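There are 2 protein chains.
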Amino acid sequence: MNYTVVNQKIIHHFVKIAGEGNVFTDQENMVKYSQDETEDLRFFPDVVIKPKHVKEIAAILKYCNEHHIPVTPRGGGTGLSGGALPIKGGVVLSLERLDRIIEIDERNLQVVVEPGVITENLMNAVAEKGFLYPVDPSSKGSCFIGGNMAHGSGGPRVVKYGTIREYVLNLEVVLPSGEIIWTGANTLKYASGYNLTQLMIGSEGTLGIITKIVLKLIPQPKHNLLLLASFPSNEDACAAVSAIFRVGITPSALEFMERKGVDWVREYDDINLSLNPSAAAFLLIEVDGSNLDLLFADCEVINEVLEHHQCLEVLFADSATQKEELWRMRRTMAVSVKSNSVYKEEDTVVPRAELPKLIKGIKMIGEKYGFDSVCYGHAGDGNLHVNILKGNMSDKDWNTQLKEGIKEIFELTVKLGGTISGEHGIGLVQKDYMPIKYAEINLNLMRGIKQVFDPKEILNPGKIF
Amino acid sequence: MNYTVVNQKIIHHFVKIAGEGNVFTDQENMVKYSQDETEDLRFFPDVVIKPKHVKEIAAILKYCNEHHIPVTPRGGGTGLSGGALPIKGGVVLSLERLDRIIEIDERNLQVVVEPGVITENLMNAVAEKGFLYPVDPSSKGSCFIGGNMAHGSGGPRVVKYGTIREYVLNLEVVLPSGEIIWTGANTLKYASGYNLTQLMIGSEGTLGIITKIVLKLIPQPKHNLLLLASFPSNEDACAAVSAIFRVGITPSALEFMERKGVDWVREYDDINLSLNPSAAAFLLIEVDGSNLDLLFADCEVINEVLEHHQCLEVLFADSATQKEELWRMRRTMAVSVKSNSVYKEEDTVVPRAELPKLIKGIKMIGEKYGFDSVCYGHAGDGNLHVNILKGNMSDKDWNTQLKEGIKEIFELTVKLGGTISGEHGIGLVQKDYMPIKYAEINLNLMRGIKQVFDPKEILNPGKIF
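Which chain is which? The protein sequence lines are A and B, in order.
Counting in numbering that gives the first Met the number 0, the first sequence runs without a single skipped number right up to 464 at its last residue.
Counting in numbering that gives the first Met the number 0, the second sequence runs without a single skipped number right up to 464 at its last residue.
Hints may be right or wrong, so weigh each one.
To be verified - Below, computed lysine to aspartate or glutamate pairings styled on EDC-like, alpha-carbon distance capped at 16 Å:
(1) 159(B) - 165(A)
(2) 215(A) - 165(B)
(3) 215(A) - 105(A)
(4) 337(B) - 371(B)
(5) 159(A) - 371(B)
These aren't lab readings, by the way, just hints derived from the structure by calculation.
Values in this document were obtained by computation on a predicted structure and should not be read as measured data.
Required output: the full structure, derived from the provided sequences and hints.
Here it is, written out as structure tokens:
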């Protein structure tokens, strides 16, 4: 069924709902909202609406549902799977003006927040009260908490603290019908029917629009220590990862970085760090907790494990500045890769002990198809971001052969017990690969759920399946 | 639409699938499988089947789906919401012979297990390898891990370690059609479409039958310390609960017990413990971790908090025997209440700082309707089990008025930001109270999801909504 073309009359209706200054059709906004951070994709909306209130969103959705107009919700626009791109045109509904931290409940260690709050702002606001909200994607300075929710976001501290999934207690959601529901309760436990809260997380804006979020907070750990360990090979570094957990230590971060990524980011971001010339791969390892002596003891145990895994050297961050610099290096890696080469990023995840096999396999597949890659990621979770570089590949091969190569990478990932996205979501760019992981019956169950929530398929059409 | 009556021909077909010795219609089995641990409910199945293999379950479901025969899956039969009772007759499908721990994966800290494994057996098996599976309901010695999954089970250690929801990575599920799926991947992160794994947890056997479970394990903490603190009133004890978290300590258990419960269990279980005569309520507080000095320091901080909350005295468990005895006291409380009075158990949960208001309100509602109650539960999660005692209430009031009183308790729970079940599930006995918490639109979304998975409504009919 075709969608209704957005005409002036429809736009006039949107203006009535959201106010004159909050409905955009100008070229500059159309360009801005036609893309996110997913490589070089571009899809233009017909109109961008920036509502301020839940009731406005309800009115917009009700109207669009009745008139069969596609609505693509959008957070910070930092997505890496094309999830916020309006591939069927219509409305881009930006949540940027729903940007209030409504309440930090110090008695119950909870926060109520709107979806347009930048994740880092939320983290800082609760930190001021002595609390930790630990889910910090690399894009934390610009991504929105609502987008994190829609993608089931992770980040480096998932390894100890879990993904956003473990912190969401309750959600206010506007359904395509314009009805507003709360999905659950503001409680740490819930056994009261199907868990609609958990179903919304990672649903990528295809089931409803999240307008309020109740999150659990935890006490802020007092101390942390940070190490950078270098290894002669990717496999050695990856093998050390699961060994650390097996001695009973759970680091608060355990990040893997390939040499090329580190070299590029040092150039890009002017990071002052001398590296062992034989180092081919690195692990950034953080431990945190309430007692510094205990953390030092953990580091000693980690050191022993590293020694048994061909570790070349360990750099112990001896100041807040050095810690900040090492973290910046990790966080800026995506941007520095982007600035060096045309690339495609894949978000593989496997059981963590399978990482050595995964990275070895990725490099072999690259050789077969003629592409190079830079890998880094949240190794403690088995989550490896694979940046495939165009390098010397011809445009023709890049546009045709590459897809086969990516397919092989995902087939390997699935064979190792993993899946095709750990934290970036399926969106548009991974959609075609879903059948590698899921049987048709799984996809049909998902399609069925979509029908229950959004029978006219107005919400973020063309995504996931 | 009426269900098909199970006749000899149908039973003969089940025998062909599951084998002669595994299909039961005798009186003894019908009685046994007509009840669980939910007060005095009884519903008789037409036939009990105890399959051994997934393929047998698939064949049974396919046949029942085609012939419209109700199937009620059953775990250990320890449920407290009537979830395993075959209220429409038909088949009780007992998972008791799917009792294998298939693999403890020490490299990835994961375990693959069948649903019929007793939770405590699983905990012991992984503990032998140095791992912790921390979700231990009071019934851990007899409940099944599959039943825990179906109800989103909790237990005392949820407060630090989370519910079963945080440990489930992947599920093998047989759908009513007889198709067998895996819901996700064996990974710590998942952003690959709707999370069917999370949807299955707490779905109470209404969407599919769980036949394999992949769980995350964590390192076993080396030490723990246990305190019993006594208070002059319920409200004082409950107020101390959230205060402990606010000083930055997360205990590994924080249980509340009313005096009457403690007195009854001491009689019932011959527990040797002298109590302060003024004590009206108790908190059982456990801390665990890798460093004993740190735990002692935590206990000192907790002690200070308790002193500020009118704590009468603190008993520090000074031996493994005493720890075991205190835990036994808590775990045996449900049975001892059961042996003392006709009762109904409700499973309220609120944000934890609202506990003082909840317990005060429960007592006032009891006065209004003429019932007494014994409350205990996982106070650290805001989860209070309310055991309503028949006492001197007339049979007539018990059968008519009580329902109004329970309704008021749930209305209070919801008003305080909570919900009507934290870990026992809705099943049969809480079903009528669902509209107190959920709008019709929420229930319709749940019904819609049910239709997607089980369009002929053969699986555990008449439960949840």
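Status of each hint after checking the structure:
no.: 1; hint: 159(B) - 165(A); verdict: 12 Å, holds
no.: 2; hint: 215(A) - 165(B); verdict: 14 Å, holds
no.: 3; hint: 215(A) - 105(A); verdict: 11 Å, holds
no.: 4; hint: 337(B) - 371(B); verdict: 14 Å, holds
no.: 5; hint: 159(A) - 371(B); verdict: 44 Å, violated
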